[in-house]
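Trainee: If you want the building blocks of each chain, they are given just below.
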Amino acid sequence: MYVEMKHINKSFGDYQAARDISFGVEQGKLVALLGPSGSGKTTILRMIAGLEHQDSGDVVIEGKVVNDIPAGERGIGFVFQNYALFRYMTVYENIAFGLKVQKKPKEQIHKRVMELVQLVGLEGLEKRYPDQLSGGQRQRVAFARALAPNPQLLLLDEPFAAIDAKVRKELRSWLKEMIAKVGITSIFVTHDQEEAVEVADEIIIINEGSLEQMGAPTEIYKKPKTSFVAQFIGTSSVLEDFSGFKGFEDAPKGRQAILRPEFVEAFKSDNEKFKSLISAAEEGVIREIAFRGSYLTLTLEVNGILLTANRSLERRPVSVGEKMCVLVYRAYILEEEDAHIYKNRMLEGVDVEAL
Amino acid sequence: MKKQKTTGREEKPWVRRLLIGISVVFFLIMLVFPLVEVLYRSLKDGLALYVEAITAKNTLSALRVTLIATVTAVAVNTFFGLCAAWLLTKFEFKGKQVLSALIDIPFSISPVIAGLAYIMTFGRMGWATPAIDWLNEVLGTDISLVFSVPGVVLATIFVTFPFVSRELIPVLQAQGSSEEEAAAMMGAKGFTIWRRVTFPHIRWALLYGIILCAARAIGEFGAVYAVSKARGKTFTLPLEIDALYMAGSADSITQAFAVSSLLVLLAVVMLILKQIVEHRGKREQ
Ligand SMILES: Nc1ncnc2c1ncn2[C@@H]1O[C@H](COP(=O)(O)OP(=O)(O)OP(=O)(O)O)[C@@H](O)[C@H]1O
Ligand SMILES: [Mg+2]
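Going down the list, the protein sequences come from chains U and P.
In our numbering, each number is its position in the first sequence, counted from 1, plus 4.
In our numbering, each number is its position in the second sequence, counted from 1, plus 385.
Worth flagging that the hints you see were computed from the coordinates, not collected in a lab.
Some clues are possibly wrong.
Straight-line distance between alpha carbons at most 20 Å, and here's what the computed SDA-like set of lysine to any residue pairs gives [as the list claims (entries may be wrong)]:
(1) K108/U to F576/P
(2) K574/P to P153/U
(3) K104/U to E566/P
(4) K475/P to F576/P
(5) K574/P to V105/U
(6) K277/U to L317/U
It should be emphasised that the depicted structure is a prediction, and the values quoted were computed from it without experimental measurement.
Hey, can you work out the whole structure from these sequences and the hints?
Mentor: Next comes the structure, spelled out in structure tokens:
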């Protein structure tokens, strides 16, 4: 493990912002800290950086406990949420700052700065001041500035938050590419799950100061361990009681269940493809149809419960009030803090993925 | 169609003219005429008397004391003002509100009271006198804090204390601390951070505070009046002017105006500096 947090606790007054946080990040990985606003992501990042000091627990970097090493000596590059560029310095001076502090010779500084300017594509803007740059350009400067002293670890706090939605997507792939090119271990904070899923190799989910789950995006998506993660990731609807459904008779009674649209299949009773599965399906009525641009989202009423399912535009048209067969492949049943996957028992032996 | 102006509020022309008129008349009566009068009176009896007045021994002594008091007050208050503003904006601690309020005391109490308080503390009967006597004995010096130049300096420092810190606090507050944190992350140490990151933000506000502080120090009357009784030794320019004027002879009154013109000159210089600093500061924002 390159970076390790071991049983970190941190309180602000009587508010506990981090509760027994432990995780490790392997060298070269790009990891996202994902969680709702106020969950403690920034606090965790700042503790790794040394800008905030934990009440208890250890921060380990490269096998060394760095609790007592000041921020400037941890070999970390930090991109701040609002970039915190030095307003009274030019782009060049901003990027050169860390090198000047290290008293590097002038030619070496110049070489490194120009190298970074080129890397992030800011050629010709070296003499500008931060307030003469666009949001995206500022982010590039902040990125270059953090990288200039050759840190071993890069931390980014909401690197895309200050950029408007259109440019954000572009910058996301740009940043991912840059980090891969430089090959630096990186941790970034975000509250946007799409961003985390798209950019990160691994995701750490934080809620109310606790670590809920850490894993690859697909793993978190497919196997949420806690009820929070099950609800937080993906678009999901929460059902109060699910035990009456066909194929889920053995699911515990009176528990909340989480269904994602992709867990639900709705088809017409004369559908050839699903003919063999019709016995596993419930009967439902379409209550609402929403057009999502490239697909439809159907709201179906089944046994008095509303479910949502997505439907490709390539399939036969449907209308509100129409009777449909509704097949539920699986569901997350919540028990206390945990989430368990239950598969439709009537589909046992059927290769669902081949459908 | 009538052209719409974008400024939402539109006053009638006569309202604007009336307001301008009132301001100008007020300005003339309260400021310009009296100042012109000072200059006119000071030169009324000829240039020779003017030169004589401003080169008189007492005047030069007063000018010296004024400059000493001003320079010291500016130096001390710049240093403490920076410390206090820094402390109040970058740290959280108990009693912050109290300290913040204490800094403003010189704004809210009469300078005469400040001077009297100094006499009570450091004068013959004051509780701090034994300590000062002891210090003088040990150091072999003869410092006295009332009815002496150090006393004048102290009183001036007191009344001009808030100017620098009050100018700095809003600027430091607005800046937040993330730029400093960014510099710290790159290994910069306290003083480097201060010099390269913080100072550029506050330099105009600092200069502005210094000018206000100096202007007030030059003109201070009440506080120094209380602690300064020796004409020709511890008098500042305002006290010297008062003494000349109070002497009551035609010549001495003219001399009082001549010395006043010196103060007016200093004030005008300060005003011009202040305008320049304000302008440059705004342009950089
Ligand atoms: N310096 C501080 N003093 C007191 N409370 C703080 C301080 N910093 C953070 N907190 C509190 O700790 C909690 C976690 O804050 P943090 O900034 O880590 O959240 P976050 O997950 O980064 O949120 P966001 O997505 O909104 O940036 C919040 O409730 C916040 O109010
Ligand atoms: Mg945050």
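Trainee: Could you work out which of the previously given hints the structure breaks and list their numbers from low to high?
Mentor: The structure conflicts with no hint, since it agrees with every one listed earlier.
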